[in-house]
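Engineer: Could you build the full structure based on these sequences and the hints that come with them?
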Amino acid sequence: MASLVANSWRESPLVNPVLPTGGLNSLNPLPPVAAVQPSNSVQAVGPLSEAQNSDLALLSRQTPSQNSTGSTDKNQNIECVVCGDKSSGKHYGQFTCEGCKSFFKRSVRRNLTYSCRGSRNCPIDQHHRNQCQYCRLRKCIKMGMRREVSNWIVRY
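When we follow our numbering, the leftmost residue of the sequence shown carries the number 11, and every step to the right adds one.
Where hints are given, some of them may not hold.
[Unchecked claim] Derived DEER-like restraints, expressed as beta-carbon distance ranges:
1. Asn121 - Asn87: 28 to 36 angstroms
2. Ile88 - Arg127: 15 to 23 angstroms
3. Glu158 - Glu108: 16 to 24 angstroms
4. Asn87 - Arg120: 29 to 37 angstroms
5. Arg157 - Ser98: 13 to 21 angstroms
[Unchecked claim] Within a straight-line C-alpha distance of at most 20 angstroms, the following computed SDA-like cross-link-like pairs (lysine to any residue) qualify:
6. Lys100 - Arg157
7. Lys152 - Ser112
8. Lys152 - Arg116
9. Lys100 - Cys132
What the hints contain is simulated information worked out from the structure, not anything from laboratory work. Glycine included, C-beta positions come from ideal geometry on N, C-alpha and C.
Structural biologist: Written out as structure tokens, the structure is:
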């Protein structure tokens with residue numbers, strides 16, 4: 011009768027299992043498609059389907075800003091805190107789109123006052139942001155946009 015206790019970790023059946031006669035490849039019913047070389051290039055080992063060929067062609071044409079692993083596209087997915095449109099950067103202390111930045115700038119510099127025709131809870135999103143200036147300015151302030159935050163950089 012065989013002993014179930016291994017003398018060392020190398021002899022443990024959990025660490026060093028007995029492989030079938032075909033080796034590691036006999037465990038996987040699918041043939042290998044690609045192998046990664048040390049130079050980080052991908053070489054085909056088996057035939058590629060049309061979809062796989064088009065995917066590889068698309069990946070090879072992408073620039074680093076389009077590539078999902080590139081570090082240059084970190085700020086491209088930030089939404090405007092006011093309306094949810096694509097943010098163009100940090101303006102007046104918050105990430106906002108160009109439209110909300112310009113609206114807030116005009117309202118603050120001209121000291122404009124607005125009134126709401128509704129019940130002061132109008133939806134402010136990408137499609138309805140121009141319908142109520144009162145609610146839009148109120149949301150800008152509520153989301154943290156501040157007139158005191160200057161966007162000007164003084165260079166000597």
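Engineer: Hint by hint, say whether it matches the structure.
Structural biologist: Each hint tested on the structure:
Under the hint 28 to 36 angstroms, the C-beta atoms of asparagine 121 and asparagine 87, about 35 angstroms apart, fit the expected range. Taking the beta carbon of each, isoleucine 88 and arginine 127 are about 32 angstroms apart, not inside 15 to 23 angstroms as hinted. At about 21 angstroms, the beta-carbon gap between glutamate 158 and glutamate 108 stays in the expected band of 16 to 24 angstroms. At roughly 33 angstroms, the beta carbons of asparagine 87 and arginine 120 sit within the given window of 29 to 37 angstroms.
Evaluation of the 13 to 21 angstroms hint for arginine 157 and serine 98 yields a pass: the beta carbon distance comes to about 19 angstroms. At roughly 13 angstroms between alpha-carbon atoms, lysine 100 and arginine 157 fall within 20 angstroms of each other, so this suggested pair holds. Between lysine 152 and serine 112 the CA atoms are separated by roughly 17 angstroms; this keeps the pair inside 20 angstroms, and the hint holds. At roughly 17 angstroms between alpha-carbon atoms, lysine 152 and arginine 116 fall within 20 angstroms of each other, so this suggested pair holds.
In summary, the hint linking lysine 100 to cysteine 132 is not supported, as the alpha carbons are separated by about 25 angstroms, beyond the 20 angstroms threshold.
Hint violations for this structure: numbers 2, 9, all remaining hints satisfied.
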